[in-house]
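When you get a sec, could you build the whole thing from the sequences and use the hints?
Residue numbers (this note's numbering), protein chains in the order written: chain X, 1 to 478; chain U, 1001 to 1284.
Check each hint, because a few of them may be wrong.
Stated by the list, open to error - Partner residues are not named here, just some residues of chain U that face chain X (Cβ under 10 Å, in silico):
| hint | residue |
| --- | --- |
| 1 | Val1028 |
| 2 | Lys1069 |
| 3 | Thr1151 |
| 4 | Gly1152 |
| 5 | Gln1153 |
| 6 | Ser1162 |
| 7 | Ile1177 |
| 8 | Thr1205 |
| 9 | Phe1208 |
| 10 | Lys1213 |
| 11 | Lys1281 |
It is worth saying that the hints were derived from the structure and are not from the lab.
Glycine is no exception: its CB is placed at the ideal position from the N, C-alpha and C atoms.
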Amino acid sequence: MSLTPSWNRFLLLPMLTAVVAGGCSEYDSSFVYSERTTSLIPEAQDGFKSESEAAPAISGVKQLLDDRFGDPQDLKAWLKLPVEFGGTQSAVAEYSAVEGVATVKFSVEEGKSLPETASSVQVVSGALAGETLLISSWDPKTGQATLEGLPSKEIAAGDSCVIDGGTVMQSGRVLYMRHCSHCHGTSGDGAGPTAQYLNPRPRDYRHGIFKFTSTTDVSKASRDDIKRVLQYGIPGTYMPSFLLLTDSEIHALVEYVRFLSLRGEYERKLVNELAGDFSQKAVATRTEGGESRDAIVAELKEMLASDIVEAASSIGDGMAEDWTVSDTEEAVIVPSVARVPDSAESRRRGRELYLSKTLNCADCHGVDGAGNGPQTIAYEKNPITGEPYNEAGLHDVWDNLNQPRNLHTGIYRGGRRPIDLFARIHAGIKGSRMPSFKNTPHEDIWHVVNYVLSIPFEPEPGATGVPVAAPAAAAVAP
Amino acid sequence: MNKPYFTAVLLSLALGAGCGEYPGGAYVQPRVSFVAADSSAAAADGAAGEEAAAESGTPGVFSGKVVLKGDQTALAPLITKGADVKDKEVCAAVDVPDERLVVGEGNGVANVFVYLAKAPKNGKKLEVPADPFFFDQKNCRFLPHCLIVPTGQTIKVLSDDSVAHNTHTYPNRNTGISSVVSAGDRVGQVEFVYSKAETAPFAVTCDFHGWMKAYHLPLDHPYYAVTDANGGFSIPELPAGKHTFVVWHEAADGNYVERKLVVEIQSGGTTELQIDYPVEKLKL
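Given below as structure tokens:
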């Protein structure tokens, strides 16, 4: 230590202050609510407090969200969601407390197995819901556990539990904060501290949409899709490869990213239910139109107490189904024909299709594939709000201006394997203006893939780059 | 006491030890508490309640007309014939009307959605047609401009144009699609289904032709109408009693002509109503 005594005098006081008064809370991170949530009137955001026993509290959007997702210090693992939170879901089969010793027998769903070790169990339903009990001895064969001490209330057969739960989430949260949050933000809103310096912007997960997937146009991203992006990065963007992380670390991150995406999508869909009638703007229009604010608030209260409770449940069901189905083989795009071998003829046919009125790739990507088609200079309106965009060109659902890919660079964000390009054309780029061409014959898609892959090597636009085909290529050159 | 040593201890306390590495912050191990899958289901069951017993009385008809009040000159065509637009040989082959506001005889406003906000408890069940609905486009114009469709009915997208279109939907509750429709597709290769009812119409666009716009509204009950060319509508077989209708139009500021139009339907008869649409509400 080379600090001199004079240094000490200056450092002592602040350091003592830091130790004594620093506390922990000021470093707590939090999930932020979306701007759409905060554009609702306060009553819709915060709900209504309990006035009496007969009139219990009514949750607003924030409470509904927090109850199911928690905050970064105290995460909630909503078992409805298709996220592997870690741990083993089980049910109490038998419970007995004899002479101060509590034993529980656990059972798991058919096809699932009991863990080899067990140190604690979280009770999810029943009298002890929310409590964590410590296990002193465990028999993995029978599922018999002896608890440390007696629980404060009886456990009943059928109560659902999770043994050693949440480990994947815990690890995912820590890894996410370390590797991802500075761009993607603590809440996955794509607004971390670094985000403002990046173009393209980091993905905001909260639409529940990822651009580059191997799944069909109406499907979500699969676990494999997120994993692939984590491992190999997105070429041409700031998203790096995390190939040095271990498989279990990648797995934890995939699950945590799913969790954040589901949280954002849930919030978005809840707000959708309310925004039409109860955004600050809507309420202003309504009061101007002669309605009283009290009447509007009373209507909101009734809606939050009944319709929204129902909607919250069905939104959860819908998301669970979408994300589950998207992770199955059914959702994966499988070409009905093998790749058409690359040849001058196939490239020529591909270019013909590229320029054709039917596919009209050139409309955005340009006649010569430089990403400068006429659509990039058109002024458009936001299809949802009807407001004109400030800049000409194509905007995605995140309201970012997208440059159609310049196909001369040979850099493909969604991957450069032929199957990646096939999937891009088949499913489109989700959330962007690149539509799905799934009804195009698969053979034709392969021709376009062959042509697109040849563009970086073209001696001049439209020349297929294979000398043998020169006459044919010249015929279709613009 | 060795002062540097003391400082080192303090430093480590201040920076590291205290409450763990970055107390409460990024790297702290979070707690994870499990929430039962059906946490809200019980409440929802209660909220849904029992189906109310059918009210006595024979169903009635709700009919009327949406009338624009005030002076408003007709909108010029969106695309005039021969205009220099993209794909003009198709898209500017005829005058394409600006459908944001279409006014017919007696100032009646076409393309207004009139529908029950919620299915009535004693209403008839929604019959989902087995045949698909054909959603067409010609001269870079969606046909129809406004569509209410029963949930569960298949929609097939056609094109009578020799250029590529794509159908891009922006629903709230359903999954949107953005799919290319081949030039001159009279079969309807692009097909989709809305499985959930929506609360308000939403935009359908074509990314190739930015001016193309239509509105879709899937509903899970049969009590709806889109006003005809002269603003007229008729909704039959409504259970007698009070109902709350939504009157929605794309050019109205905030989109609603009436958010909650309460109408008492006479038993067995026709309840007529003129819905006034003041020009001040227009936002063109």
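Status of the hints after comparison with the structure:
The beta carbon of Val1028 of chain U comes within 7 Å of a beta carbon in chain X, closer than 10 Å, and the hint placing it at the interface holds. A hinted interface residue such as Lys1069 of chain U counts as satisfied when its beta carbon comes closer than 10 Å to some beta carbon of chain X; here the least separation is about 15 Å, so the hint is violated. The closest approach between the C-beta of Thr1151 of chain U and any C-beta of chain X is roughly 13 Å, which is over the 10 Å cut-off, so the hint fails. Hint status for Gly1152 of chain U: violated, given a least beta-carbon distance of 15 Å to chain X, over 10 Å.
Given the 10 Å rule on beta carbons, the hint for Gln1153 of chain U is violated: about 17 Å separates it from the nearest Cβ of chain X. The beta carbon of Ser1162 of chain U comes within 6 Å of a beta carbon in chain X, closer than 10 Å, and the hint placing it at the interface holds. Hint status for Ile1177 of chain U relative to chain X: holds, with the closest Cβ pair at about 6 Å, below 10 Å. Interface restraint check: Thr1205 of chain U against chain X, minimum CB-CB distance 5 Å, threshold 10 Å, status holds.
Look at Phe1208 of chain U: its Cβ gets to within about 6 Å of chain X, closer than 10 Å, so that hint holds up. Hint status for Lys1213 of chain U relative to chain X: holds, with the closest Cβ pair at about 8 Å, below 10 Å. Nearest Cβ of chain X to the Cβ of Lys1281 of chain U: about 9 Å, under the 10 Å cut. The hint holds.
Consistency with the previously given hints fails for numbers 2, 3, 4 and 5, ordered from lowest to highest.
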